Structure formats: C-alpha cells, structure tokens
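Engineer: Single-letter residue listing:
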Amino acid sequence: MNFWQVCLEAFRAMSMNRLRAGLTMLGIIIGVGAVVLMLAIGESVREDINRRIDTMGSNVMVILPGSSTSNGVRAGRGAAQTLTLSDSAALAQLPVFSNVAPIVQQPFQVANGANNWNATVYGVGPEYFEIKDWTTDKGSLFGDVEMRSVSRVAVVGSTVAANLFGESDPIGQTIRIRSRPFEIIGVLATKGSDLGGGDQDDAIFIPLSTARQQLIRSWTPGSIQYILAQAASAEQVQEAVYDSTELLRTRHRIREEQEDDFTVRDLASIAEAAQGIATALTLLLGAIGSISLLVGGIGIMNIMLVSVTERTREIGIRMALGAKRRDVLLQFLTEAIVICVCGGAIGVLLAYLGSVAISKLSPMEVGISTSGIIIAFSFSALIGIFFGFYPARRAAGLKPVEALRYE
Amino acid sequence: MPSANRAPFSKVAEKNARGPLIALTDIRKSYFNGDLETPVLHGVNVTIKHGEFVAIMGQSGSGKSTLMNILGCLDTPTKGSYILNGREVEKLSDNELAQVRNETIGFVFQGFNLLKRMPLVDNVALPLLYAGVSMAEARKRAALKLAQTGLGDFLKRLPNQISGGQQQRVAISRALVCEPALILADEPTGNLDTTTSVEIMNLFTRLNEEQGMSILIVTHEPDVAKYAKRLVRLKDGYVTYDGPVADAHL
Ligand SMILES: Nc1ncnc2c1ncn2[C@@H]1O[C@H](COP(=O)(O)OP(=O)(O)OP(=O)(O)O)[C@@H](O)[C@H]1O
Ligand SMILES: [Mg+2]
Numbered sequence: 001m002n003f004w005q006v007c008l009e010a011f012r013a014m015s016m017n018r019l020r021a022g023l024t025m026l027g028i029i030i031g032v033g034a035v036v037l038m039l040a041i042g043e044s045v046r047e048d049i050n051r052r053i054d055t056m057g058s059n060v061m062v063i064l065p066g067s068s069t070s071n072g073v074r075a076g077r078g079a080a081q082t083l084t085l086s087d088s089a090a091l092a093q094l095p096v097f098s099n100v101a102p103i104v105q106q107p108f109q110v111a112n113g114a115n116n117w118n119a120t121v122y123g124v125g126p127e128y129f130e131i132k133d134w135t136t137d138k139g140s141l142f143g144d145v146e147m148r149s150v151s152r153v154a155v156v157g158s159t160v161a162a163n164l165f166g167e168s169d170p171i172g173q174t175i176r177i178r179s180r181p182f183e184i185i186g187v188l189a190t191k192g193s194d195l196g197g198g199d200q201d202d203a204i205f206i207p208l209s210t211a212r213q214q215l216i217r218s219w220t221p222g223s224i225q226y227i228l229a230q231a232a233s234a235e236q237v238q239e240a241v242y243d244s245t246e247l248l249r250t251r252h253r254i255r256e257e258q259e260d261d262f263t264v265r266d267l268a269s270i271a272e273a274a275q276g277i278a279t280a281l282t283l284l285l286g287a288i289g290s291i292s293l294l295v296g297g298i299g300i301m302n303i304m305l306v307s308v309t310e311r312t313r314e315i316g317i318r319m320a321l322g323a324k325r326r327d328v329l330l331q332f333l334t335e336a337i338v339i340c341v342c343g344g345a346i347g348v349l350l351a352y353l354g355s356v357a358i359s360k361l362s363p364m365e366v367g368i369s370t371s372g373i374i375i376a377f378s379f380s381a382l383i384g385i386f387f388g389f390y391p392a393r394r395a396a397g398l399k400p401v402e403a404l405r406y407e
Numbered sequence: 001m002p003s004a005n006r007a008p009f010s011k012v013a014e015k016n017a018r019g020p021l022i023a024l025t026d027i028r029k030s031y032f033n034g035d036l037e038t039p040v041l042h043g044v045n046v047t048i049k050h051g052e053f054v055a056i057m058g059q060s061g062s063g064k065s066t067l068m069n070i071l072g073c074l075d076t077p078t079k080g081s082y083i084l085n086g087r088e089v090e091k092l093s094d095n096e097l098a099q100v101r102n103e104t105i106g107f108v109f110q111g112f113n114l115l116k117r118m119p120l121v122d123n124v125a126l127p128l129l130y131a132g133v134s135m136a137e138a139r140k141r142a143a144l145k146l147a148q149t150g151l152g153d154f155l156k157r158l159p160n161q162i163s164g165g166q167q168q169r170v171a172i173s174r175a176l177v178c179e180p181a182l183i184l185a186d187e188p189t190g191n192l193d194t195t196t197s198v199e200i201m202n203l204f205t206r207l208n209e210e211q212g213m214s215i216l217i218v219t220h221e222p223d224v225a226k227y228a229k230r231l232v233r234l235k236d237g238y239v240t241y242d243g244p245v246a247d248a249h250l
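Note that the protein sequences, when read in sequence, are chains V and R. Just so we're aligned, residue 1 is where the first sequence starts under the numbering used here, counting upward by one. Just so we're aligned, residue 1 is where the second sequence starts under the numbering used here, counting upward by one.
Next up, chain V with everything else stripped away, as it sits in the complex (with noise of 0.2 Å):
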C-alpha cells in the first residue's frame, strides 16, 4: 500500500465515527492551541520587555542621590540633594565612561495656547540623548549650543505632541512652561512604556541650563537630581560601578565606617533580571500549554487503543488478506497522525483567532510566528507517531487466526 492508499483508509475510518474522532481531535486541539498562543504571548511579552530595554540605552547605569539601604528611619531616596553637577563632570573625568548626563526633572502644566497637558519636563544635555541612543521624528536635537546660551527650546515627546498639537506640525511653535515660552525644535520617536510601564513619550526635554536657572530651582547650587552614565563597553560596566562608588565617596568625605549617600544601580543587571522574568514565563506558559497537548496525546492513545480492540476482526482479515505487520502499524500510525495533524492545523488556526482578539481587546501585540505553526505542526504528528505508535504496535501484533477468531 502506499501512503496515499494509506491516508484514505485513516480518513475513511475516522468518518465512521465522527464524534469519536472529534472528541479526540478536540484534545490535540485545545494542546496545540494552548501551546501555540502561550508560547506566543511569551514571546511578545519578551519581545516587549527587550523593546523596552532597547529605550534604556545600552551599558547604562544611573546614579540616584540618597543610601539605597533602608533602615526605615532614614527619608527616601532621592530625598537629599548630594549630587552635583561638579560631580557628574568629576564622573565623566573617568575613562570607562563614554557618556554621563546630570538631570534634573520635575512635572509641569504645559499649555499651548488654550491646550493644557501635564508633563515631566527634563533639564539634560545632549549627552542624555546619546546614552539613550534617542532620536527625532521630526526637527532636531538640541547640542552644546543651546546648553552655552541657556535657549528656551524644547524637545518634545509624541504624547506631548500629540496632546498639545493633534495633528499639526508642531516644529516651530512655542510652548509655555510656568508662563515661560519654550520653541519646540524637535518631536522625538516614540519610545513607548519603559520597563516600569511610564509613557516616555509623555515627556518635554530642554536644556539642562535652561532648566536649573529658570525652572528647576534648587537650594543647593550646582545640585542636581539625578546621573545617567553610561560604561564604554559592557565588560567595563562592574568597573564603572566601583570606580563611580569610590570617587563619589572621596568627593563627598564619606568615611570608611559610613554609608554612601547616593546609590549607583546597574539597568543592565534590571534589563537582565527582566528578560529572566520574560523567559521563565514563556516557559511556564509553554509548560501549560504541553501539558493540555500531553492529556490530548493520552486522549489519541486511549481512542486508538479501544480502536484496535475493536477492530480486531478487521485486522484478522486484512491479515488473511496479505497485509504484513508493518502494513498494520501504518494504518493505525497514520490514523493517529492523520487525528493529530487535522487537530493541529484547527488548533493553529483557534491559536491564530485567539492572538488576533488578544491583540483587539488587550494593549498586548500577541503574533503567530510561522517557525511557531511548523513546530507546532510537527509537534503534533510527533504526538501522533508518539502515542499511536503502542496502540499500532499492539495491532501489528496480532496473530491472524486469534484475531480472526475475536468476536
């Protein structure tokens, strides 16, 4: 027999029982289904997850003002102003350094015209924007220019744009800040949820001069509020930790018995801490999804087991017939595979409706990959030949007059 003879006989056997098979089918249906949508809401989590570690930029450390410890006692951090910007320039002094950004930040009601818009307005230098590796949709960044003649310009977000502008070009007008008119130069590219979930685009970037001497006032001159720095490479990156942590306990007199009074964190360590987060839900998610595809192989197993049995005066015959052992074990072989693979092209195409209403009713991007159908695809004739094979087995091995003899 060849395998198309082969295929008929499966397809004409599983349409005398229809509901049976349906039932059956229904188990690698819902396994394949689940193991493909879970493996696909996985993978655009973790895809989001690194999008959103891309916007961090890369090698990236920030150093926040205040002890990381917490005894409870001591204010939050961030609450004392010890960072400077003669600090930062003493940072950007070391050589694993490529970049360092002072910053200070702080939300204001922004208007145009009669539009109003809360928003973070952040005081940087274009350093920030090369750590972060930002760039604009439209206008341009501002450099070291606009720091020396303290502009007022702005570089807005495209929430901000979009929320103070709508559809209008927004290069070219002026924007008020605490009754104060910023120029907007560029919009930058959206960005997205950062890995805490804020919008980055909901954010008005100007001049950090600008911004201390006539916004962001501080009792503490020179004080800033917090330092992007950004490692040269990212073998470099444990070094800067420590040299950054010595030098600033030097500049600011911290004996050897006392805590520092600023903290220096790693975002890589976070941006790893995250995707090992990302990848251990994919796999939860993909263990669930093969365990419903492992019920349904047990489901094929058990179906083609009671189908045997009862079929055992056809194998007789078929034996009587001249149908060799292997020829037997095709049969039922391909019976199962041909269940699991029509299970499985329904279960892909249920995973595929699922992931389109996920990517309607939630603010996930859930997509089907093709290599996801094709391992999905041989998955389930591996379920097939995997749990069809003892039940085909069994068949084969029939002895032609006992199983003639079988009522």
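Just so you know, the hints here were simulated from the structure itself, not pulled from any lab data. In this text the structure is predicted, and so the values were computed from the model without any measurement. Glycine residues also receive a C-beta, built at the ideal position from the N, C-alpha and C atoms. Fair warning: there could be bad hints in the mix.
Said to hold, decoys possible - With beta-carbon atoms standing in for the labels, derived distance ranges:
hint : chain 1 : residue 1 : chain 2 : residue 2 : range
1    : V       : G276      : R       : S93       : 19 to 29 Å
2    : V       : E310      : R       : T205      : 49 to 59 Å
3    : R       : N33       : V       : S371      : 51 to 61 Å
4    : V       : I385      : R       : A136      : 27 to 37 Å
5    : R       : R206      : V       : E402      : 30 to 40 Å
6    : R       : E209      : V       : A381      : 45 to 55 Å
7    : R       : N33       : V       : A381      : 20 to 30 Å
8    : V       : R313      : R       : E37       : 36 to 46 Å
9    : V       : A381      : R       : T240      : 51 to 61 Å
10   : R       : K91       : V       : R20       : 34 to 44 Å
11   : V       : L283      : R       : T38       : 58 to 68 Å
12   : R       : G19       : V       : G22       : 24 to 34 Å
13   : V       : E402      : R       : K229      : 40 to 50 Å
14   : R       : R87       : V       : G397      : 49 to 59 Å
To be verified - Some but not every residue of chain V turned toward chain R, in silico, with C-beta under 7 Å:
hint : residue
15   : Q5
16   : A92
17   : E167
18   : K191
19   : A320
20   : A323
21   : R325
The hints should help you fit chain R with the ligands onto chain V, whose structure is shown.
Structural biologist: Leaving out everything else, chain R with the ligands in the frame of chain V:
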C-alpha cells in the same frame, strides 16, 4: 468446446508435474491453556494436487477449522511439515507468510468477513493493494472480478446493502482477485439458505472445472460436499476417510 476446457487442465498437469499443491506430513496441533495441553490434530497426512476440489467433513470439534487455519498459513502446526506449492511453510518469516496468504491463497469465510465501511469494489481491491498494485488498477481489476460473479452493478454499495449470498460472492471475488493457486473456504454456505448455497457451490464448481482452480472447502452438509471430487473426513483429529466423494457414505 473441449479445447476451451482443456487449456486450464494442461496447465494444471504442468504444475502437478513439478509437485503437489499441498503436502501435509504428520501435522499435529495442540492448543495450550497455561500448562494444559489440548491436542486437536493427531498427525494428519494429506496430499492435494493442483486442480483438485476437496471437501473436508467431520463432526463439530473434530479439528476442521484448525486444519484450515494451518493450511491458510494463519496458524502454525505444533509439529509436522507443511509444503505449500513447493515452499516449506514453517521456514517462512511473518512477511513471507503474509505474502503467501496474499498471492497463493484466497480465503472464503462462513461469516463473509467483508470490511463493513468499504464499498464492495474496495473490499475486493484490498488484496491487490497489499500486493502493491496501484489504487486505480486494483479497482479496475476488482470491478472486473465482481462483474464475473454477477455483481457488476453493486460496485459502490456497502456490504450491508446486499444479501448474504451476494456478500459471499463478493468474498469469493475477493479471494480470486489475486489469482491464487488455492481457494480455502471454511463452511462457505453455513450462513446461507439452500438455494443460495447451490448458487455458491455452482460458482465453485465452475471455477474448478473451467479454470482449474484448486478448492478446499469445509462443510457439515453432505449436499454441499457432493459438489467436490474428493472427500477428507476428520474425526477427533484423525483422518478417517480420504477418497472420492462418490465412494464415501455421506
Ligand atoms: N483457540 C483455541 N484454544 C483452545 N482450544 C481450541 C481453540 N480453538 C479450537 N479449540 C478446540 O479445538 C477443537 C477443534 O476446533 P475446530 O474449531 O478446529 O473444530 P471444527 O471441526 O472446525 O468444529 P466446527 O465444525 O464446530 O467448526 C475443539 O475441541 C475446540 O474446542
Ligand atoms: Mg470450524
């Protein structure tokens, strides 16, 4: 026309010159139930030539079906030698046995044993598929065989849509489709009424006389046995008579 009849017989004689179709020497068969041995055949010696039409009779439980299963390579004897068409059956592998059942033997059963879910034409085509013939060719040959047994109009029907006699004719078509050397029929008329039995036996007679087909049937009914040329009578696993039907006291 004698020439039309003589052609198959010259072929039969040619085959017999090379040796008998079946040679059973001291065939013994016991069934084992745990340690309990039930001897059923106690040394059967029978030789059957090509072109013979043999009836096997005997009381219920005398071992007729057991013998038929051994002859049909569906079961193996506990002891003894069986040579079928020049091949020593006990030396054949599982695959070779399947091939022998496919090519050399055509089975006809009491209960017809058609596959319920297949149209008649596919039932008849099945042995050809196991022989490696393509689906289209197998269906063509099956349709031809069915037409020869008068069932040319029923190709697409399912077995439960025709009468018992017709089903048995389908089974005979299926037995014949691979052009076997031998037809083995275990009580082929057991489930049929007298008229239908006569039809079936006439069909066997025609096959034997016109095509020189070797036929072995098991039956309880003397009327059926009379269609054969030779009778083998079994009693409790021993052959008690082996000779022309005409000389036997039926
Ligand atoms: N699988 C088996 N296990 C044990 N004993 C068996 C088995 N098959 C047959 N027998 C015994 O072997 C003996 C011969 O059985 P067999 O079926 O060959 O008889 P038979 O001549 O065909 O009878 P009938 O005319 O009723 O069909 C019987 O006594 C039966 O009980
Ligand atoms: Mg019997």
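Engineer: Each hint needs a verdict: does it hold in this structure or not?
Structural biologist: So, going through the hints one by one against the coordinates:
1. Look at G276 (chain V) against S93 (chain R): about 57 Å separates their beta carbons, and that is not inside 19 to 29 Å.
2. The given range of 49 to 59 Å is broken by E310 (chain V) and T205 (chain R), whose C-beta atoms sit roughly 38 Å from each other.
3. Between N33 (chain R) and S371 (chain V) the beta carbon distance is about 57 Å. The supplied range of 51 to 61 Å therefore holds.
4. The supplied range of 27 to 37 Å is met by I385 (chain V) and A136 (chain R), whose beta-carbon atoms lie about 29 Å from each other.
5. Hint check: R206 (chain R) to E402 (chain V), Cβ distance near 34 Å, so the stated range 30 to 40 Å holds.
6. Separation of E209 (chain R) from A381 (chain V) is about 54 Å and conforms to the stated range, judged on CB atoms against 45 to 55 Å.
7. For the pair N33 (chain R) and A381 (chain V), the beta carbons lie near 42 Å from each other, so the given range of 20 to 30 Å is not met.
8. At about 27 Å, the beta-carbon gap between R313 (chain V) and E37 (chain R) misses the expected band of 36 to 46 Å.
9. About 59 Å separates the C-beta atoms of A381 (chain V) and T240 (chain R), a value consistent with the hinted range of 51 to 61 Å.
10. Checked against the hint of 34 to 44 Å, the C-beta distance between K91 (chain R) and R20 (chain V) comes to roughly 43 Å, which is consistent with it.
11. For the pair L283 (chain V) and T38 (chain R), the beta carbons lie near 60 Å from each other, so the given range of 58 to 68 Å is met.
12. Look at G19 (chain R) against G22 (chain V): about 56 Å separates their beta carbons, and that is not inside 24 to 34 Å.
13. Roughly 33 Å separates the CB atoms of E402 (chain V) and K229 (chain R), a value that falls outside the hinted 40 to 50 Å.
14. The given range of 49 to 59 Å is broken by R87 (chain R) and G397 (chain V), whose C-beta atoms sit roughly 24 Å from each other.
15. Taking 7 Å as the C-beta cut-off, the interface hint given for Q5 (chain V) holds, the closest approach to chain R being about 6 Å.
16. At a threshold of 7 Å, the smallest CB-CB gap from A92 (chain V) to chain R is about 81 Å, leaving the interface hint violated.
17. For E167 (chain V), the suggested interface contact is broken, since its CB lies about 66 Å from the closest CB of chain R, more than 7 Å.
18. Checking K191 (chain V) against chain R by beta carbon gives a least distance of about 62 Å; that is not within 7 Å, so the hint is violated.
19. For the restraint placing A320 (chain V) at the interface with chain R, the shortest Cβ-Cβ distance is roughly 5 Å, inside the 7 Å limit, so the hint holds.
20. With 7 Å as the threshold, the beta carbon of A323 (chain V) comes within range of chain R, its nearest partner Cβ sitting at about 5 Å, so the hint holds.
21. Given the 7 Å rule on beta carbons, the hint for R325 (chain V) holds: about 6 Å separates it from the nearest Cβ of chain R.
Of the numbered hints stated above, those contradicted by the structure are hints 1, 2, 7, 8, 12, 13, 14, 16, 17 and 18, listed in ascending order.
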